[in-house]
Amino acid sequence: MSEHNGSEGVAVALGRKDWESDQEVRWCPGCGDYGILAALQFLMPELGVEPHNTVFVSGIGCAARLPYYMNTYGVHSIHGRAPALATGIAMARPDLSVWVIGGDGDMLSIGGNHLIHALRRNVNLTILMFNNQIYGLTKGQYSPTSEVGKVTKSTPFGSVDHPFNPISVAIGAEATFVARTHDLDRKHMMETFRRAHEHRGASFVEVFQNCNVFNDGAYDGILKKAVRSDMLIPLRHGEPIRFGDDGQHGVAVNEFGEPYVCESAKVGVDHLLVHDEHRADPTLAFALSRLSSGPHSPTPVGVFRDVSRPTYEAQVQQQVADAVERVGPGDLHELLHSGATWTVG
Amino acid sequence: MSTPTLDRVVIRFAGDSGDGMQLVGDRFTDLSAAFGNDLATLPNYPAEIRAPAGTINGVSSFQIHISDHDIVTPGDSPNVLIAMNPAALVANVSDLSPGSTIIVNSDSFTERDLDKAHCSANPLDDGSLDAFTVYPVPMTSITLEATKPLGVKSRDAERSKNFFALGLICWMYTRPAAPLLEWIDDRFAGKPLVRDANAAAFKAGRNFGETAELFAHPYEVKPASLPAGTYRNIIGNTALALGLVAASRRAHLPLVYASYPITPASDILHELSKLKHFGCKTMQAEDEIAAATIALGAAFAGNLAVTGTSGPGLDLKAEALGLAISLELPMVVVDVQRAGPSTGMPTKTEQTDLLLAMYGRHGESPLPIVAAKSPSRCFDAAFEACRLALKYRTPVILLTDGLLANGAEPWRLPEVADLPDISAPFATQPNHTNADGTEDYWPYLRDPDTLARPWAIPGTRGMMHRIGGIEKQDGTGNISYQPDNHAHMVQLRQAKVDGIARDIAGVELDHQDGADVLVLGWGSTWAAITAGVRRVRARGERVAQGHLSHLSPFPADLGDVLSRYGRVLVPEANLGQLALLLRAEFLIDVQSYVQVNGLPFRAAAMESRILEEIHR
Numbered sequence: 007m008s009e010h011n012g013s014e015g016v017a018v019a020l021g022r023k024d025w026e027s028d029q030e031v032r033w034c035p036g037c038g039d040y041g042i043l044a045a046l047q048f049l050m051p052e053l054g055v056e057p058h059n060t061v062f063v064s065g066i067g068c069a070a071r072l073p074y075y076m077n078t079y080g081v082h083s084i085h086g087r088a089p090a091l092a093t094g095i096a097m098a099r100p101d102l103s104v105w106v107i108g109g110d111g112d113m114l115s116i117g118g119n120h121l122i123h124a125l126r127r128n129v130n131l132t133i134l135m136f137n138n139q140i141y142g143l144t145k146g147q148y149s150p151t152s153e154v155g156k157v158t159k160s161t162p163f164g165s166v167d168h169p170f171n172p173i174s175v176a177i178g179a180e181a182t183f184v185a186r187t188h189d190l191d192r193k194h195m196m197e198t199f200r201r202a203h204e205h206r207g208a209s210f211v212e213v214f215q216n217c218n219v220f221n222d223g224a225y226d227g228i229l230k231k232a233v234r235s236d237m238l239i240p241l242r243h244g245e246p247i248r249f250g251d252d253g254q255h256g257v258a259v260n261e262f263g264e265p266y267v268c269e270s271a272k273v274g275v276d277h278l279l280v281h282d283e284h285r286a287d288p289t290l291a292f293a294l295s296r297l298s299s300g301p302h303s304p305t306p307v308g309v310f311r312d313v314s315r316p317t318y319e320a321q322v323q324q325q326v327a328d329a330v331e332r333v334g335p336g337d338l339h340e341l342l343h344s345g346a347t348w349t350v351g
Numbered sequence: 002m003s004t005p006t007l008d009r010v011v012i013r014f015a016g017d018s019g020d021g022m023q024l025v026g027d028r029f030t031d032l033s034a035a036f037g038n039d040l041a042t043l044p045n046y047p048a049e050i051r052a053p054a055g056t057i058n059g060v061s062s063f064q065i066h067i068s069d070h071d072i073v074t075p076g077d078s079p080n081v082l083i084a085m086n087p088a089a090l091v092a093n094v095s096d097l098s099p100g101s102t103i104i105v106n107s108d109s110f111t112e113r114d115l116d117k118a119h120c121s122a123n124p125l126d127d128g129s130l131d132a133f134t135v136y137p138v139p140m141t142s143i144t145l146e147a148t149k150p151l152g153v154k155s156r157d158a159e160r161s162k163n164f165f166a167l168g169l170i171c172w173m174y175t176r177p178a179a180p181l182l183e184w185i186d187d188r189f190a191g192k193p194l195v196r197d198a199n200a201a202a203f204k205a206g207r208n209f210g211e212t213a214e215l216f217a218h219p220y221e222v223k224p225a226s227l228p229a230g231t232y233r234n235i236i237g238n239t240a241l242a243l244g245l246v247a248a249s250r251r252a253h254l255p256l257v258y259a260s261y262p263i264t265p266a267s268d269i270l271h272e273l274s275k276l277k278h279f280g281c282k283t284m285q286a287e288d289e290i291a292a293a294t295i296a297l298g299a300a301f302a303g304n305l306a307v308t309g310t311s312g313p314g315l316d317l318k319a320e321a322l323g324l325a326i327s328l329e330l331p332m333v334v335v336d337v338q339r340a341g342p343s344t345g346m347p348t349k350t351e352q353t354d355l356l357l358a359m360y361g362r363h364g365e366s367p368l369p370i371v372a373a374k375s376p377s378r379c380f381d382a383a384f385e386a387c388r389l390a391l392k393y394r395t396p397v398i399l400l401t402d403g404l405l406a407n408g409a410e411p412w413r414l415p416e417v418a419d420l421p422d423i424s425a426p427f428a429t430q431p432n433h434t435n436a437d438g439t440e441d442y443w444p445y446l447r448d449p450d451t452l453a454r455p456w457a458i459p460g461t462r463g464m465m466h467r468i469g470g471i472e473k474q475d476g477t478g479n480i481s482y483q484p485d486n487h488a489h490m491v492q493l494r495q496a497k498v499d500g501i502a503r504d505i506a507g508v509e510l511d512h513q514d515g516a517d518v519l520v521l522g523w524g525s526t527w528a529a530i531t532a533g534v535r536r537v538r539a540r541g542e543r544v545a546q547g548h549l550s551h552l553s554p555f556p557a558d559l560g561d562v563l564s565r566y567g568r569v570l571v572p573e574a575n576l577g578q579l580a581l582l583l584r585a586e587f588l589i590d591v592q593s594y595v596q597v598n599g600l601p602f603r604a605a606a607m608e609s610r611i612l613e614e615i616h617r
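As you go down the protein sequences, you meet chains A and B in turn.
If you count the first sequence from 1, position 20 lands on 26 in this note's numbering, and the numbers rise without skipping.
If you count the second sequence from 1, position 485 lands on 486 in this note's numbering, and the numbers rise without skipping.
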């Protein structure tokens, strides 16, 4: 079985409806998850894959309900374990398109271990982490991405936990594809998810998502229409990193190799950092992820890193194929009779 | 002159962890197996890789029981102890009966070695060993002498002294030298100096026996008259791995084995990792939880999914087992039991996970449990666990233990053609017609006989479905919080497991007319119980023996069997876990006989306890 991310090369005209299951969607009205689900259902028909070759896997949490709404194969599994379960599916069937859906608590707290190991192994999974910086399904406790000082039911005097930056975690684990998008921009989500799907290997996408019940407006500081162009830094491969309505802001690199936000005119457009997704070394991509420490200062979105490395399951298959090539397909009788045997009677 | 014969002998090699006792024990085992003896072994080693040399904590031993007739246990008490240093002597001498033979490496009874073993006096001189026949042999110095012409550094040459000991024992019990010398050639082909030193030490050991006039004569233990067939010597973990490969072949499904290193289960992973040409996909997961969950993912995608561990790992796999029960997917979880709780004693054996396997999950979460009874039977148990998992779409726990995992015995090899086909066809067609006439696939529409749900795997057109750990509506598999539906599903899952009783063998019963006492066991205690029962019968007493290879569900005839005997004795290497289940299930006041010291029961103790029960 070869790897083809679920596409059999059969061109079938499918529409959004073909990807919608018959289940009633049960998120809270106004939840950011609706926008993400819609983006996925709009995108899927464009990917050249078919529903029966697609699997959505999730753990536990609000986001983790998403597989029920996709007319594909799906498993709603255990809190935190979705990357592990998906790894098993990919090992068994490298030809499938396997998506992993979860929230910030699911993937970075109870499932942090499985996430980083799926990323370092480069299992061919498309991992979408909906980050709303809160525990929703358990009714509003702080999450591993909540800001210090966050007042919630479990932290009435403010959280003292230093949060994770999910992009930094993924790049730290040497994920081969790392990107960020947000629930208010369907076009950007679709484009980012498409890139993530097309990437061979583990793709990690952080989706800023609004929980309008327990953490409403968490991203207002960067996503409100009025501030968005000054607060989102679009990353485009091969282009100088600029943002603002007229590209008046930019990102340059200081003498220590650290990126910083600057005024394009002051630094000179020629001196702005030209984004390179394909840098083998993750250091600069990591540094870009550190530009912002929360949704209140200019924050990069788009593809941070897209590099190529053999996938885990392809190598597993290859070792099997090589062994068969080397010694022939195993013979059970021979195997049982291997080593020193003797006959009685 | 004809060589005097013995019908059986128990030999124990004991030395420092670094002395290579397990290696020479394995070699002696293979030689004896190839010679045609029946045998059983008991490796016993510390969990530390190298405890301080020369200390009692660092002692490693390997016991082997060889005979000219059918035997089942590694023997209670060694007839011969080989002690490579004072610590090995001190740690093992209390297991010897008066009159046994002790062969010591006399070079290692220096003041320093005696200190490390906390000996205030030299036991070779102080009369404390008067009850035994003691042979002090300067093994180190003869080994150095024998290897000197090869130009081996003395530090390296000294390491060959285990082969000297092996050579001496091989002379004592007339084992052929050629197979061992061939093995040395092969194993150390890349290290000519080590090869030659080991061969020289081995020959020196044999020659020492022949010429030193210490020993009156060698003994012979003739081949056993085992049932006709082709045999090989096998340890439980290897047999288990082979059973999984055989199941994969007979199920026509690739095997995915996901595991996390843990003593004493790691060798299953090692064995399977060598068998990629059988299509085995092995993976060392990031943790025990992932290993189980990865296996479950592979099951969803249609492979034969297995994860292996020991008790501490089974604790962590509980949540994946719960999901597998809810998803009703086939998966096998191997638990090679070891002494607990917590880290416990990783290299020591116990049967203390039975209740964990039965009940160690939240909610009503029944699953089948299979247990192996001897090293070679780990093959059959693994095959059976896979058969049940596939047929009933359920996780199955397979219990073995440290004694089986590393213990060896001759295995009469099965014919591949005799292994049943255990394939479980995937669902590929809709199984339900909706009210509007459209065809649909309902993932929880069950087979009325087995109550198993259909298994449709990703990649199958038209069979897309979503399942999860939330309670499902019977039939559709859709999320359901309906009280009546949940009550129904709880009953269904239990009924499915209970129904397996119709599909498994009855109690393995060895009845004896007139017997009023039944000795009932499960797992590896089979060996000691069998040996104990044989001894009791040899005295002319009457006793019946029963054995359980299925602990959940119990064989359908178990209640009937129990009711036929006045008394039921249940020996277990735990505090009475099977006894608890039997009392609860059958309201019979079974008698527990327990031992939880990390070691197997002894046949003699078993015999006494059975006699006590008979004459109560």
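Don't take each hint at face value.
What the hints assert, rightly or not - A few chain B residues that face chain A, going by a derived Cβ cut-off under 7 Å, partial list only:
# : residue
1 : ASP108
2 : PRO459
3 : ARG462
Just so you know, these hints were derived from the structure itself, not from any lab.
Because the structure is a prediction, the values reported are computed rather than measured.
Using N, Cα and C, we set each Cβ at its ideal position, and we do this for glycine too.
Going through the hints against the structure:
| no. | hint | in the structure |
| --- | --- | --- |
| 1 | ASP108 | violated, 33 Å |
| 2 | PRO459 | holds, 4 Å |
| 3 | ARG462 | holds, 5 Å |
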